[in-house]
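Chemist: Just need the whole structure built from these sequences, with the hints factored in.
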Amino acid sequence: MTFHKNTKNFLAVSLTALMLSSVLISVSAEETNDKLPPQTVKDLRYGESLFNFYQSKYFSALTNILVTDAKKPITKQGDEPELLKGGLFLAYGLINQAQNVFTKLLNANLPVYTRDRAYYYLGKLFYKKSYYDRAVTALTSITNTLPANFNDERLHLLSNIYLRRKEYPKAVELLSQFSKDSEWGYYARYNIGVGLIKENKFEEGIQQLLHVNNLNAHTAEMNALVDKAHLAIGFAYIRNNLPDRAPEFLRQVRLNGPLSNTALLGLGWAYSSKERHKEAIRPWMALQTRDTVDTAVQESMLAIPYTLEQLNEDSNALGHYQHAVDLYGQELKSINSVIEIVKGGELIASLTKVLNAEKEDNNFRLTTPPVSIATPYIEKLIAKHEFQQAYLNFRDLLFLQKVLNRWSDQLPAYELMLNERKQRYQNKLPEIQSDNRLKKLDSLITTKDKFEKKLRRIEQQHDIIALATAKERKAIAKLTRVAVAIEALKDKQNISEQKHKFHILKGMVLWDLSREFVPRLWKAEKQLNLVETALAKTESATKSLKQSWVLAPARFTGFNKKVSEKHIRIVNLKSKLKHLLEQQQRFIVIMAMRELNNKQRALQNYHARARFSVARLYDKIALSSSKKPEKGNDK
Amino acid sequence: MFKKIINLFFITSILILNSITVQAEDTTNAGAPSNELRSLDSQIQSLKEEVLNLNRDLFMLEEELLFPSNTQISVFVSLDIGTLFELDSVQVRLNDKVVANHLYTKREVDALKRGGVQRIFTGNLPSGKHEIIAYYTGVGPNNRTYKKGSTTIIDKTSSAQFVELKISDNTTKQQPEFEVKVWE
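Chains B and Z, in that order, give the protein sequences.
Oh and the first sequence: position 76 is 76 in my numbering, straight run, nothing missing.
Start counting at 1 in the second sequence, then tack on 635, and there's your number in my numbering.
Because the hints were derived from the structure by calculation, they are not lab data.
The structure presented is a predicted model; accordingly, all values stated were derived computationally and were not measured.
Don't take every hint at face value.
To be verified - Cross-link-like lysine to any residue pairs, in silico, SDA-like; alpha carbons within 25 Å at most:
#1 Lys129/B to Thr103/B
#2 Lys76/B to Gln707/Z
#3 Lys764/Z to Ala541/B
#4 Lys816/Z to Thr787/Z
#5 Lys402/B to Arg742/Z
#6 Lys333/B to Ala349/B
#7 Lys402/B to Thr352/B
#8 Lys72/B to Leu701/Z
#9 Lys816/Z to Thr772/Z
#10 Lys104/B to Ser681/Z
#11 Lys526/B to Glu452/B
#12 Lys791/Z to Glu539/B
#13 Lys576/B to Leu682/Z
#14 Lys546/B to Gly763/Z
#15 Lys782/Z to Gln809/Z
#16 Lys104/B to Asn688/Z
#17 Lys562/B to Thr757/Z
#18 Lys741/Z to Asn149/B
#19 Lys526/B to Gly763/Z
#20 Lys353/B to Phe399/B
#21 Lys561/B to Met695/Z
#22 Lys566/B to Thr757/Z
#23 Lys440/B to Thr533/B
#24 Lys57/B to Leu682/Z
#25 Lys343/B to Arg586/B
#26 Lys72/B to Lys801/Z
Modeler: Here it is, written out as structure tokens:
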């Protein structure tokens, strides 16, 4: 089994932890997401995409960015939106699209920090695509501007590539560059240790694994890693014919951890290989109280009587073999029925149930193990990369199905809405077209023009009386009548006093009119401007209304066409999806069946061995009994 | 002796011995799935891309249909730093009508604190003046329940309008601040 950071969780206590491990792509995305520093948002649309991204809603975040790109690309955030887009494509598994984004970015003149991040993503991308040479080029082009967690992941990827190429010194050299207590560093060290042992560099490998053993584990993941390292050292010692040294490490594997059964089994074999049979039996006996689905437990059922035979306890061994025969028989029945149930679709149904209960569209983690009867039998398979990848694809397909279903439910509503709008338009159109208010506009404009002309004349002629108020007009009329009266009386009486008063009053009225002329003219101008603005708005509204009733039919057709086109796309995609979903389900079932069949074959093998041993021991005991002198016939 | 032991080992034990010696190789194979998986995987990636593009197109169509740009208004919530205020919920009223109510999960608050911006409401408004009231509840300084309302009058124009409800920390006053920003 791979021991990658992505698989680190496999070693945690329960199946839940096993399933949390996920695959490389997902964990990388999650890590990237979790550890990006807070950002300053200068465009709300970019912030909206980040909001989804930080919640691991990659599909929604990508949709936000793509909509923005199509409408009005974000310009105020520098290269961040493009980096985010590339990272999102990568996280969502659209590797080619991600590659296009990063390659384009790297062709531009970028600041070092952005360039380093683009290389980092590109390196990860090539790694995922198994283009290791190109991944090394990208990952080693990075300078020193990456945050520590990004850099540690970079080193981890490089280390894995060097291991693959068997360039162990290069991989070991990287170890000193990890940040202090980096989890990535410990994973790299573990992988290097195991790699070196495989290359028969036993001591060097053990040294690396011992570093992992000495880490002060605070998390379930790190505890699991330490267990794994203990187990690896223990079995490496057994393999290198140093079984005496193995128990020290195998005993340190946590008893409640998922590796404890394997460790107990190994411990027994370590003692057994030194012919310390009584000590070997103890850990195996401890396994007898554990779940018999586990292959280590199943194997111990044969190992115990085998060792008892070494101790010449044949009767005792026979009892254990018989017990093993019964148990294997039961287990075979169980596994046969599980195989039938899985064939009947129970595993897929349980996975679907878990996935349908998930609220997030893309968190890349199966947080709840499937409640399937097959689960205990396929734990190890579930932890494998291939299964995790198949699970992720299955989950993605179910999510896409939800998306497509949502839109297919929605589109008829839009069609209905469009039809109603169209109907309303058709009903309203004659009413609006015959509305008298629309016809009034021209006469209003004519009236306004008249007023304007008049105002211009008043201004030019400085016609102060034209702007007089009603009261002033009344006063002017009165003064005119007085003037007439004075004119009529001027030769008949002495009216000089009245004449004087008349002039004073007339002067006052004219003075007031003259004084008020400019403010009144300004006010009138202002009013006229307001009227002009209002009329312009009305004219524009009328124009737009008229334009709308002309364009509306085309607009309705346009929308209808768009909706129909989308409907066709949905139908086609749903058909593709159905086909792929079936294939993916079949693929998952095939994997599960392969695993179950292997287990079945192993059990059949154990069963046959146990039955053979029972027969053999019966013969042996019978033979030895027949050789012994009879002490009494009554016995 | 070891060979003898190996011969005695049963299936599981042999598998364990093998497994620990191939891990380094498997590690690098993590990115190289089988052909069968690769082929199916590539078809799924292609479908994902197609659905993603369709989703984008449908979002744009939906927006065009339901929220034409001349009447569109969107209200966003952002949280700057957020050490003095732990956001629980936001209610948005537009012209005295509740248009959005949101209760935040921890995950959402974290996303806001890291720079994410939540679109809490999208709707339509005619041009002219409108009142937006936002009510915020949460935990303020000294772990006290904190409720705050803010009122703003916006002048809706004929282009799409973005309004940001911005929560920030006033470190001088040691109090959270609630600001409404209308984006052009």
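Chemist: Are the hints correct? Go through all of them and say.
Modeler: Structure-based check of all given hints:
Between the alpha carbons of lysine 129/B and threonine 103/B the distance comes to roughly 15 Å, so the proposed pair stays at or under 25 Å and holds. The suggested pairing of lysine 76/B with glutamine 707/Z holds, with an alpha-carbon distance near 22 Å, which does not exceed 25 Å. Using a Cα cut-off of 25 Å, the hinted pair lysine 764/Z and alanine 541/B holds, with the two alpha carbons roughly 19 Å apart. In summary, the hint linking lysine 816/Z to threonine 787/Z is supported, as the alpha carbons are separated by about 9 Å, within the 25 Å threshold.
A C-alpha spacing of about 22 Å is found between lysine 402/B and arginine 742/Z, which places the hinted pair at or below 25 Å, so the restraint holds. Between lysine 333/B and alanine 349/B, the direct Cα distance comes to roughly 23 Å. Compliance with the 25 Å bound is thereby established for this hinted pair. Straight-line distance between C-alpha atoms of lysine 402/B and threonine 352/B comes to about 12 Å, which keeps the hinted pair within the 25 Å bound. For the given pair, lysine 72/B sits about 19 Å from leucine 701/Z by alpha-carbon distance, which is consistent with the 25 Å threshold.
Straight-line distance between C-alpha atoms of lysine 816/Z and threonine 772/Z comes to about 19 Å, which keeps the hinted pair within the 25 Å bound. Restraint check: the Cα-Cα separation between lysine 104/B and serine 681/Z comes to about 21 Å, which is no more than 25 Å; the hinted pair holds. The straight-line distance between the Cα atoms of lysine 526/B and glutamate 452/B is roughly 11 Å, inside the 25 Å bound, and the hint therefore holds. Restraint check for lysine 791/Z and glutamate 539/B: the C-alpha separation of about 21 Å stays at or below 25 Å, so the hint holds.
Taking the CA atoms of lysine 576/B and leucine 682/Z, the gap is near 8 Å; set against the 25 Å cutoff, the hint holds. As the CA atoms of lysine 546/B and glycine 763/Z are separated by approximately 23 Å, the hinted pair is consistent with the 25 Å bound. For the hint linking lysine 782/Z to glutamine 809/Z, the alpha-carbon distance of about 16 Å falls within 25 Å, and the restraint holds. Using a Cα cut-off of 25 Å, the hinted pair lysine 104/B and asparagine 688/Z holds, with the two alpha carbons roughly 20 Å apart.
Restraint check for lysine 562/B and threonine 757/Z: the C-alpha separation of about 22 Å stays at or below 25 Å, so the hint holds. For the suggested pair lysine 741/Z and asparagine 149/B, the alpha carbons sit about 23 Å apart, so the restraint of at most 25 Å is met. The straight-line distance between the Cα atoms of lysine 526/B and glycine 763/Z is roughly 22 Å, inside the 25 Å bound, and the hint therefore holds. For the proposed pair lysine 353/B and phenylalanine 399/B, the alpha carbon gap of about 13 Å is at most 25 Å, so the pair holds.
With a CA separation close to 15 Å, the supplied pair lysine 561/B and methionine 695/Z stays within the 25 Å bound. Pair hint lysine 566/B plus threonine 757/Z holds up; C-alpha atoms about 23 Å apart against a cutoff of 25 Å. As the CA atoms of lysine 440/B and threonine 533/B are separated by approximately 16 Å, the hinted pair is consistent with the 25 Å bound. A hinted pair counts as satisfied when its Cα atoms are at most 25 Å apart, and lysine 57/B with leucine 682/Z qualifies at roughly 18 Å.
Restraint check for lysine 343/B and arginine 586/B: the C-alpha separation of about 10 Å stays at or below 25 Å, so the hint holds. Of the pairs offered as hints, the one joining lysine 72/B and lysine 801/Z holds, with about 23 Å between alpha carbons and a cut-off of 25 Å not exceeded.
The structure fails none of the hints (numbered hints given earlier).
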